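From just these sequences and the hints, can you work out the full model?
There are 2 protein chains.
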Amino acid sequence: MNAISTKQQLPVDKARRYLEPGPIVLVSSHHDGESDVMTLGWHSILNRSPSLVGCVISEQNYSHHLIRQSRECVINLPTTEMTKKVIGIGNTTGAKTDKFSEFDLCTERAQQVSAPLIKECYGHFECRLYDDALIDRYNYFIFEVVAAQVMTDPEYPTTLHYTGDGIFMVAGEMINRRELFSDDMLD
Amino acid sequence: MNAISTKQQLPVDKARRYLEPGPIVLVSSHHDGESDVMTLGWHSILNRSPSLVGCVISEQNYSHHLIRQSRECVINLPTTEMTKKVIGIGNTTGAKTDKFSEFDLCTERAQQVSAPLIKECYGHFECRLYDDALIDRYNYFIFEVVAAQVMTDPEYPTTLHYTGDGIFMVAGEMINRRELFSDDMLD
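In the order they appear, the protein sequences are chains A and B.
The C-terminal residue of the first sequence carries number 187 in this note's numbering, and the numbering is unbroken.
The C-terminal residue of the second sequence carries number 187 in this note's numbering, and the numbering is unbroken.
Keep in mind that the hints were calculated from the coordinates and are not lab data.
This structure is a prediction, so every number in the text was calculated from the model and none was measured.
Among the clues, some could well be false.
Below 27 Å or equal to it, Euclidean Cα-Cα: the simulated DSS-like pairs (lysine-lysine) are [unchecked claim]: (1) K119(B) to K96(B); (2) K96(B) to K7(B); (3) K119(B) to K85(B); (4) K85(B) to K96(B); (5) K84(A) to K119(B); (6) K14(A) to K85(B); (7) K14(A) to K84(B); (8) K14(B) to K85(A).
Structure (C-alpha cells):
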C-alpha cells in the first residue's frame, strides 16, 4: 500500500463498511482560497440511502468555519502508516499553519467537491452538508456522502481508533460470521 | 474476564475512552414492565461534559419505543467472548422474543435508570435522553451518560467493530503515542 495505489469507486451506500467500525479520519476542507485538514474521531453513520454521516467539528477548529461556509468536505481514511501525521494534524491549528505543507500531504482533486483528497489515505468520502440543524447546539454536521473511492488492496485497512490520552487501538483481525446471519440481515 | 468480574465506577466524562473507538454495543431498555436489548453500531460521542452520546435506533427496533417512552437506556459494551450472542440479539426482534431469556443474559439493576445492566459485558453506560430533536427525522437519540461502570482487568476490552455483511473487525493492539502530544492535548 502506498500513495499511488489505485483506488476504485465505492457505491456511496457502502460507506458504512469503512466508517461504522469507528476509525479516526482526516477531514479536509476548502473555501475561498483557503484549505485545511483536521483529525476527527467523533463521527457515525446515520443512514444508508441517502448515505449520511454525522460529525462533531468543534468551533475551535479552523476547519469548522471553512466547512460551514463551503458546505462541503472530504472524509479521508488514514491507516497506521500515517499515525505520526494524524497526531500532528490533530495537534496543530490551520489558522496558523498550512498543514498540507507542514505534514507533506499529497493532495488530489476530488470528483464532486472543492475540498482536496489526501492521496496517501486508504479511502475518501466526498461530502456535502445535508442538515445544519445541530451545528449551533452541538457542532454537529450531518453530511451526505456524494462520492467515494477506496483502495482494494489490502481488502480491509489497518485503521486507528482513539481512546484519548495519547493511546490508540489499532484495527485487528477480521472475522467472518456470515453463517450466524439470516440472509435478509446481510448486505 | 468473566460475568462476575468486579467493575469500578468510571467518571462519566471518561466514556469516550471506551465508546470513541467505535465498538458494537448492546443497548438495554425498560418501560412499563417490558424490557428489551438490541445490537447497535451507529453511535458517537458528541460531548465530554455533559457526557453526550448520539445513537441511531431505528423505529423498526422494539427498543425504539421503550426508550422513547422511558427516556432511558443502558449502553453495554460486549467483547469478543459474546460475538455469537451479539449477532443473535441483532437478528431477533424483542416484539416477539424475550431476548434476555433467549440469549441467557445475566442482568443486574442499574444505579440511575430502570433499564437493566447486562452483567457479562465489559462496561455499562447508563443514559438518560438529553435531546429528542432528531428522533423523528433520523431516529437519532442524544443521550447523557449519567453513570458508568467498567471492568479494570483487562485494561482495554477486546471489542467488536462491524463492517456489514457478517464481517467484524476485532480490536487489535493498543499503542501509546503520548510522546507525540503536547500536554494540553492529553486527558
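Outcome of the hint check:
1. K119(B) to K96(B): Status holds; Cα separation ~23 Å.
2. K96(B) to K7(B): violated, 32 Å
3. K119(B) to K85(B): holds, 13 Å
4. K85(B) to K96(B): holds, 17 Å
5. K84(A) to K119(B): Cα-Cα ~38 Å, so violated.
6. K14(A) to K85(B): holds, 25 Å
7. K14(A) to K84(B): holds, 24 Å
8. K14(B) to K85(A): holds, 25 Å
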